[in-house]
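Fit chain B to the supplied structure of chain A, relying on the hints for placement.
Residue numbers (the numbering used here), protein chains in the order written: chain A, 1 to 93; chain B, 1 to 276.
Honestly, the hints are just simulated from the structure, not real lab data. Just so we're clear, the structure is a prediction, and the values are computed from it rather than from any experiment. For glycine and all other residues, C-beta sits at the position ideal for the given N, C-alpha and C. You may find that some hints are simply not true.
If you anchor each label on the Cβ, the simulated ranges turn out as follows [stated by the list, open to error]: (1) A:51 / B:73: 42 to 50 Å; (2) B:183 / A:39: 20 to 28 Å; (3) B:244 / A:51: 23 to 31 Å; (4) A:39 / B:180: 26 to 34 Å; (5) A:39 / B:47: 43 to 51 Å.
Calculated from the model, a selection of chain B residues having no Cβ within reach of chain A, i.e. all distances over 12 Å [claimed, not checked]: (6) 22; (7) 63; (8) 84; (9) 91; (10) 100; (11) 140; (12) 171; (13) 179; (14) 231; (15) 240; (16) 243; (17) 244; (18) 260.
Spelled out from the first residue to the last, the chains are:
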Amino acid sequence: MLDLATHTLAAAAQTGITDTGLHNAMKVLGGVAYGLAAIGPGVGIGLVFGHAIDAMARQPEATGRITQYMWIGFSLTEALALIGIVIPFIFGA
Amino acid sequence: MTGDNHVIAGAGIPGCHLFSGCGFPAPGLQNFTFPPIFTINLGGGVVFHFTKPMLIAFICAAAVIVFFAFAFARPKLVPRGVQNIGELALLFVRDQILRPSLGKKGDKYLSYLMSLFFFIWLMNLMEIIPVMEFPATSKIAFPTSLMLTVYLTYLYLGFKHQGFAGYFKNMIPRDVPLWVLGILIPIEVARYFVVQPFTLAIRLFANMFAGHLLLAVFTVATWYLAGLTIGALYAATSFAMVLGVTLLEALIELLQAFIFTTLAAVYFADSLEAGH
Numbered sequence: 001m002l003d004l005a006t007h008t009l010a011a012a013a014q015t016g017i018t019d020t021g022l023h024n025a026m027k028v029l030g031g032v033a034y035g036l037a038a039i040g041p042g043v044g045i046g047l048v049f050g051h052a053i054d055a056m057a058r059q060p061e062a063t064g065r066i067t068q069y070m071w072i073g074f075s076l077t078e079a080l081a082l083i084g085i086v087i088p089f090i091f092g093a
Numbered sequence: 001m002t003g004d005n006h007v008i009a010g011a012g013i014p015g016c017h018l019f020s021g022c023g024f025p026a027p028g029l030q031n032f033t034f035p036p037i038f039t040i041n042l043g044g045g046v047v048f049h050f051t052k053p054m055l056i057a058f059i060c061a062a063a064v065i066v067f068f069a070f071a072f073a074r075p076k077l078v079p080r081g082v083q084n085i086g087e088l089a090l091l092f093v094r095d096q097i098l099r100p101s102l103g104k105k106g107d108k109y110l111s112y113l114m115s116l117f118f119f120i121w122l123m124n125l126m127e128i129i130p131v132m133e134f135p136a137t138s139k140i141a142f143p144t145s146l147m148l149t150v151y152l153t154y155l156y157l158g159f160k161h162q163g164f165a166g167y168f169k170n171m172i173p174r175d176v177p178l179w180v181l182g183i184l185i186p187i188e189v190a191r192y193f194v195v196q197p198f199t200l201a202i203r204l205f206a207n208m209f210a211g212h213l214l215l216a217v218f219t220v221a222t223w224y225l226a227g228l229t230i231g232a233l234y235a236a237t238s239f240a241m242v243l244g245v246t247l248l249e250a251l252i253e254l255l256q257a258f259i260f261t262t263l264a265a266v267y268f269a270d271s272l273e274a275g276h
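Isolated chain A (complex conformation) (with noise of 0.2 Å):
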């Protein structure tokens, strides 16, 4: 059923943008956008991992719990840049 709503939501869109010049505008937007929201992440995945591998070796023998909370974190910073993958395709559909 929420694929009929997403169908009518992009026929809706489409029939906005009838000038193929402009709708390929946006599609090369989309992928700048993407690439302006990969930055942020880029660095801050790059943190964490640097971080908990100076952890990891300052405190060998806590690297277990290092390794957890590097995950949460790594998952917590990807989150942002796949919303930015993400959103080309909703607002362009």
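Chain B alone, transformed into the frame defined by chain A:
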């Protein structure tokens, strides 16, 4: 192409390969819509389409229920057979997900967290299992409904344990200067009511959506690039990427199920304690 993956793998547009002049048939949103398996006409113009993602979700739910019913049917003190795996699963969820945030007194949430974890993990796993090859969680409805159960539960627990006014009062730490309150109150209210549920659902959805799209791109590319001369090399490289992305997806699926369940436990713990 209305998005069935079998169309990509086999039939496709006949003869459309790298040097035959047609462009790359890029996968997109059409890969996430499926023709209905059957349709129920509810009258008044309302129709109900039963599609492949719904079937996959049903299969996953049934599999989780049947497996754990079997594993814990006649529990023995010294476990035999399937009970071993069931206990392994339970101890993983209890010791890695529940105990770190909720502590021993949170054990009553164990059954809910276990169901959540294994249901999400199995739905995610469908992305790399041969016949299904579609993660049900990449349709926005499934993560949204799972998120709603967590959201309504932690709001209910918060209002029950801290009182209606107390819940909002506990969002602000004590000894905060007045000028900070102007920005702190909207942020905290938005966090509990908007940001937490939204990111919880979107994180799972976007991970699975992007993963399936990635896998589809390399699979279509393998077929599109295939040829007799240089095409064979291109297709082999693309296929190696398919294998690599499949391994990556296996990790991401487990990780996303773990994160969803861990955050659910953290939000429950947050509601049960008095805020900060």
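Hints, verified against the model:
Our hint of 42 to 50 Å for residue 51 (chain A) and residue 73 (chain B) holds, since their Cβ atoms are close to 46 Å apart. Between residue 183 (chain B) and residue 39 (chain A) the beta carbon distance is about 25 Å. The supplied range of 20 to 28 Å therefore holds. One distance hint, 23 to 31 Å for the beta-carbon pair residue 244 (chain B) and residue 51 (chain A), holds here, with the actual separation near 27 Å. Residue 39 (chain A) and residue 180 (chain B) have their C-beta atoms about 29 Å apart, which keeps the hinted 26 to 34 Å range intact.
Against the hinted window of 43 to 51 Å, the Cβ-Cβ separation of residue 39 (chain A) and residue 47 (chain B) comes to about 44 Å, which satisfies the hint. Distance check on residue 22 (chain B): its Cβ is at least 18 Å (rounded) from any Cβ of chain A, clearing the 12 Å threshold; non-interface status holds. Taking the minimum C-beta to C-beta distance to chain A, about 23 Å, the non-interface status of residue 63 (chain B) holds against the 12 Å cut. For residue 84 (chain B), the condition that its CB be more than 12 Å from all CB atoms of chain A holds, with the nearest at approximately 23 Å.
Listed as outside the interface, residue 91 (chain B) is consistent with that label: its C-beta sits roughly 15 Å from the nearest C-beta of chain A, beyond the 12 Å cut-off. Against chain A, the non-interface label of residue 100 (chain B) is violated: not every CB pair exceeds 12 Å, the least being about 8 Å. Interface exclusion of residue 140 (chain B) from chain A breaks down, the closest Cβ pair being 7 Å apart, not more than 12 Å. Once the 12 Å rule is applied to beta carbons, residue 171 (chain B) is consistent with being away from chain A; the minimum gap is 20 Å.
Chain A leaves residue 179 (chain B) outside its interface by the beta-carbon criterion, the shortest separation being 28 Å against a cut-off of 12 Å. The claim that residue 231 (chain B) is not at the interface with chain A holds, since no C-beta of that chain comes within 12 Å of its own (minimum 26 Å). In this structure residue 240 (chain B) is separated from chain A by more than 12 Å, as the shortest Cβ-Cβ distance comes to about 23 Å. No beta-carbon of chain A comes within 12 Å of the beta-carbon of residue 243 (chain B); the shortest separation is about 22 Å.
Every CB of chain A is more than 12 Å from the CB of residue 244 (chain B) (nearest about 18 Å), matching its label as outside the interface. At the 12 Å boundary, the C-beta of residue 260 (chain B) falls inside the reach of chain A, the nearest C-beta of that chain being 9 Å off.
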